[in-house]
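Peer 1: Chains as they are written, first to last, in numbering that gives the first Met the number 0: chain R, 0 to 310; chain V, 0 to 310; chain Z, 0 to 310.
Since the hints were made in silico from the structure, they are not lab data. Think of the CB as a built atom: it goes at the ideal place given N, C-alpha and C, for glycine as much as any other residue. Some hints here could point you the wrong way.
Claimed, not checked - What follows is a list of derived Cβ distance ranges for each label pair: (1) Glu219(V) / Thr278(Z): 17 to 27 Å; (2) Glu202(R) / Gly89(Z): 50 to 60 Å; (3) Gly153(Z) / Glu35(V): 49 to 59 Å; (4) Ala87(V) / Ala238(R): 41 to 51 Å; (5) Glu244(V) / Val112(R): 48 to 58 Å; (6) Asp281(R) / Gly308(Z): 20 to 30 Å; (7) Asp282(Z) / Glu193(V): 45 to 55 Å.
Unchecked claim - Just some of the chain V residues that point at chain R, by a computed CB distance under 10 Å: (8) Ser3; (9) Gly6; (10) Arg7; (11) Leu39; (12) Ser76; (13) Glu79; (14) Asn177; (15) Asn222; (16) Asn274; (17) Gly285; (18) Tyr288; (19) Asn294.
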Amino acid sequence: MTTSLFGRDVIRIQDLSLNEVNHVMQTALKYSSALEAGDLLDVMKGKILATLFYEPSTRTRLSFETAMLRLGGLVVSVAEAKSSSSAAKGETLFDTGKMIEGYSDVAVIRHPVVGSAKELADGSGAPVINGGDGAGQHPTQALLDLYTILKEKGKVDGLTVTLAGDLKNGRTVHSLSNLLSNYKVKLNFASPKELAMPAEITEPLKAKGAHISEIESLAEALNDSDVVYMTRIQKERFADPEEYERLKGSYILDRAMVDAAKIGLTIMHPLPRVNEISTDVDDYAGAAYFRQAANGVPVRMALLALVTGMA
Amino acid sequence: MTTSLFGRDVIRIQDLSLNEVNHVMQTALKYSSALEAGDLLDVMKGKILATLFYEPSTRTRLSFETAMLRLGGLVVSVAEAKSSSSAAKGETLFDTGKMIEGYSDVAVIRHPVVGSAKELADGSGAPVINGGDGAGQHPTQALLDLYTILKEKGKVDGLTVTLAGDLKNGRTVHSLSNLLSNYKVKLNFASPKELAMPAEITEPLKAKGAHISEIESLAEALNDSDVVYMTRIQKERFADPEEYERLKGSYILDRAMVDAAKIGLTIMHPLPRVNEISTDVDDYAGAAYFRQAANGVPVRMALLALVTGMA
Amino acid sequence: MTTSLFGRDVIRIQDLSLNEVNHVMQTALKYSSALEAGDLLDVMKGKILATLFYEPSTRTRLSFETAMLRLGGLVVSVAEAKSSSSAAKGETLFDTGKMIEGYSDVAVIRHPVVGSAKELADGSGAPVINGGDGAGQHPTQALLDLYTILKEKGKVDGLTVTLAGDLKNGRTVHSLSNLLSNYKVKLNFASPKELAMPAEITEPLKAKGAHISEIESLAEALNDSDVVYMTRIQKERFADPEEYERLKGSYILDRAMVDAAKIGLTIMHPLPRVNEISTDVDDYAGAAYFRQAANGVPVRMALLALVTGMA
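Using the sequences and the hints given, assemble the complete structure.
Peer 2: Below, the structure is given as C-alpha cells:
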C-alpha cells in the first residue's frame, strides 16, 4: 500500500499532518511487533539507503542504518561527509542531491547548518529525510519521542508532559512541543528563566490553544507529571557562572526526586546523558530513556518504508 | 560466462584492449536495462568488495559500493584508510594487498600517490580496481565517460568531442582522450596555452593518427562539437594571476554559450563542479553531467562482475 | 545447537575454558571448510553486528565485518567512534552499551583504554567481543594465533613455540603465551633483556607447570623451534639508544636465519610488519603470516555465531 507519504521528503515535523504522524506511529508499532516476533522482513529488498553525515551522530546514523537493514534493505554510508572531496571542493548540496539520487533510493542527511536538508532534497529526486540540521529540525527524534510516550503510556491524550532543562537551545524540545500540541496534552516547561522556551515556540502553541505552564522548579512540575523529558543544562549557556552553580543541581534528576514525584512517572531523555539523570534512576521501572533510543529503529523503519512506498 | 577480464586488475585504461572496453560497455548497458526494469540481481551473491580510500572521494566510493549492492554483493569499507593503524605503522601496500585478499573477493583502491594501485594489486591475489591514484590514472572514470557518450549519442564514431578547461593537470581528460583515440573521433583540446594538453599525451595520439585540434577559444570549439567535456580551471595553476583573471570567464559555460553552440550539444563534467558550468544550464536537455555521475553505477557493476568472472 | 558460549561476552582470553577454546577451534575449522567449498552460509541471516572502533584497526575491523557477512549477517560500523558526538559529549561506555543493544545483536569494540570492553559489555544486553583494549587484552588475536598453529601443524601438543622480539609491551604475546600454556607446549621467550616477558606473565605460567625457556638469542632459539612468533622492536622502548642499535639486527628474521633454523619452521606475525621479517622470507613455504591474517575470518565467524547461539 502506498500512502500520502510516498515520495515525500521529511524535513520539518510541521510538514506532516496529524493523520500522517498517526500513520507513522501505526506503521512503527507494526514493525516493532514484527521485530519482537523475530520476523525477517524483506520490505525494502534491493533498495539502498544513503546516510550522509556532515557532523557525527552515531546514535542517529546507526539507528537509521539498523532500520534499513531490519527491513531487508541495504546501506551506503558517508560518516564523515564534511571531509569528502566534493564538499571540500565547494560542491553545493543541491548538486550532491543530484548525485545521491543516482546511487540510492532514499537518503538521510545530518548537517550543522539550518536548511541543509532542504537544499539536498531540492536536488534529489529520491526522498530525503532530515537527520538533524543544526539549530533547525530533527523530525525523526520528535517522532520517536511521541512513539515512546505512546508505547510507555498506551495513549497521548490526557497526559501531563514536563519538558525540563535547557528549553531555549534544545531543538529536540522545540520539535516535540510542536508535535505534542496536536494532542490533548498539558505541557509543563520547567527551566531556569535564562533558558526558558522561546516566545517563537510558545506563542504559536498558545494561539493553537495548547495548555501550557511555565515553571522554574522541576520538583514542583513533577507533582502532576505523567512524563518528564530531561535535557542537559550546559554551563556555557549562562552569562553568569554563579547563576549556573546556583541552578544546576535542581535540574538533575535523581532517585529521591523520582520517588517524590507522581506515581508512575515516565522518564525520557534524547541521550547522550552526561549527569542530568543520576545512574541510580536507571533501574526505576519508568526510566524509559534506553527504550526510547531503541524506539528509533521501528520509527525510522516506518519512515523509510513509507517515503519509498514500500510499507 | 567468464571473459578475458576474469581475474584481471584494472590499473590503467591502456591495459584494456578495444574489445575489452567494448565488452565492458555492453555489460554496462545490460545492467543498466536491468536496473531500469527494477530487476533484483544476484550476480555477486555472497561476494565481498573491499573499498580502500586513502583520500576521500565520496562519489567514487559510493558508486562502487552501490554497484556491488545492486549486483546482490556485499561491501566492507575503509573510508579513511590513511589513518588506519596499518598505514600509520608503515605497512607496505603490497602487504595490505596480501591482507585484503583474505577478506574480500575484489578490491577498489583510491590513493594520492601514483603507482599505489599497482602496488596493492601486486600483493593481492584478488582483482584490484584503481579508483584513482594521484596524478596517475582513474580508468573507471574514463570508462563511464565513454559510456555516457554512447548512451547520450547512441554511438562514438563520427563525433567531435571538445575537452575544455585545464587539460594540463586533469588526469580525467588524459585518460579519456587516450580512450577516445581508439574510435573515429575528432578531438578539440580547448584550453588556455598555459594549461594545454601535455605533449606526452598529444604526441602518442598524433602518432596513432588521431584527429586533433588545439584551440584557445571554447566558444569557437563549440561551433562544431557534438560533446563538450568541461573541467575546472584553478587560479593556483597560473604563474601570473592577471592571466587567470583575463581567461577564467571564457572557460565558464553558461546558457548563452550553449544556445550559440552546435544544435544538440551534449555537456559533460566529471563533477564536482564549482562554477565552471552555470546552474542555468542544468535544465538544458543536453546537460548530461548528472546522468554521467549516475552512469558510474552500471559501468562499475560491469567491471566488478567481469573481473570476478560473475558477469 | 547452542553452547556454553551462547550469550557470553568475550573480554579476556582467560574467561574461556580449554573446552570452550577447543569448541571455537572446531567451529572455525568447520566454517573454513565451508568457505573453501564456496558454500554460501546463512547462519546469521537477519542478525546485525555493530563494530565500534575508538582507535583505527583496519585489519581487525574488516576481518570481523567480513566474518559477519560470510555468515550471511549484516553490519553497522563506527570506524571513528572517538569523534562521535556521544563520546565527545561525555557519554559513558555503559550508556553506549545500552544504546548498541537496541541496534544490534552482537557488538565488537576496539578502544585504547584497558577495561573499556568490559564497561561496554556491562551496559549491553547483547554479547560484546573485545577487539583489543589498549595494553589490556585482544582475545580474538590469541584465538586466531592458536588456530593458525593448529592449521599449519595439525596439532598444538608437543610443539616448541618461540615468541620473539618485544615481549614486554606486546599484549599479543601475553595473551598467546597464556593460551598456549593450556597445551603441552615448550615456550621459548626470545628477547633483549630490557624487553623480556614480564614476571606477572611468567610467574603464573611457571606456577601452572608450563615449560618455559628465556633466551636472548633468536638464532639459538630457532634451533629447536617448530613455530616462531615475531613481534616488532621499537626504538622508543629502549632507555639507551645504543642498546637498540646493538640489538635490533638480531631480531630481524631474514632468509638466511630461516634456512639455518630447524627444518619445517612455521613463521607467524600479528601484522602489520615493518621490517622485522625480510620480504625474502615471503615465498618460504612456512611463512604463515598472511595465512594467519586470513584465519581471522573463520575464527571470528566462529565467535560471532557461538555467542549469538547461531552456530
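Peer 1: Hints first: check each against the structure and report whether it holds.
Peer 2: Outcome of the hint check:
1. Glu219(V) / Thr278(Z): 17 to 27 Å: 56 Å, violated
2. Glu202(R) / Gly89(Z): 50 to 60 Å: 34 Å, violated
3. Gly153(Z) / Glu35(V): 49 to 59 Å: This hint holds: roughly 54 Å between Cβ atoms.
4. Ala87(V) / Ala238(R): 41 to 51 Å: 44 Å, holds
5. Glu244(V) / Val112(R): 48 to 58 Å: 31 Å, violated
6. Asp281(R) / Gly308(Z): 20 to 30 Å: 27 Å, holds
7. Asp282(Z) / Glu193(V): 45 to 55 Å: 50 Å, holds
8. Ser3: Given a least distance of 29 Å, the restraint on Ser3(V) is violated.
9. Gly6: Since chain R brings no Cβ nearer than about 27 Å to Gly6(V), farther than 10 Å, the hint is violated.
10. Arg7: 25 Å, violated
11. Leu39: 4 Å, holds
12. Ser76: 8 Å, holds
13. Glu79: 7 Å, holds
14. Asn177: 23 Å, violated
15. Asn222: At 28 Å from the nearest chain R Cβ, Asn222(V) fails the 10 Å test, so the hint is violated.
16. Asn274: For Asn274(V), the interface hint holds, since the closest Cβ of chain R sits about 8 Å away, which is under 10 Å.
17. Gly285: 16 Å, violated
18. Tyr288: With Cβ-Cβ at 9 Å, under 10 Å, it holds.
19. Asn294: The hint holds - Asn294(V) has a Cβ within 10 Å of chain R, the shortest such distance being about 8 Å.
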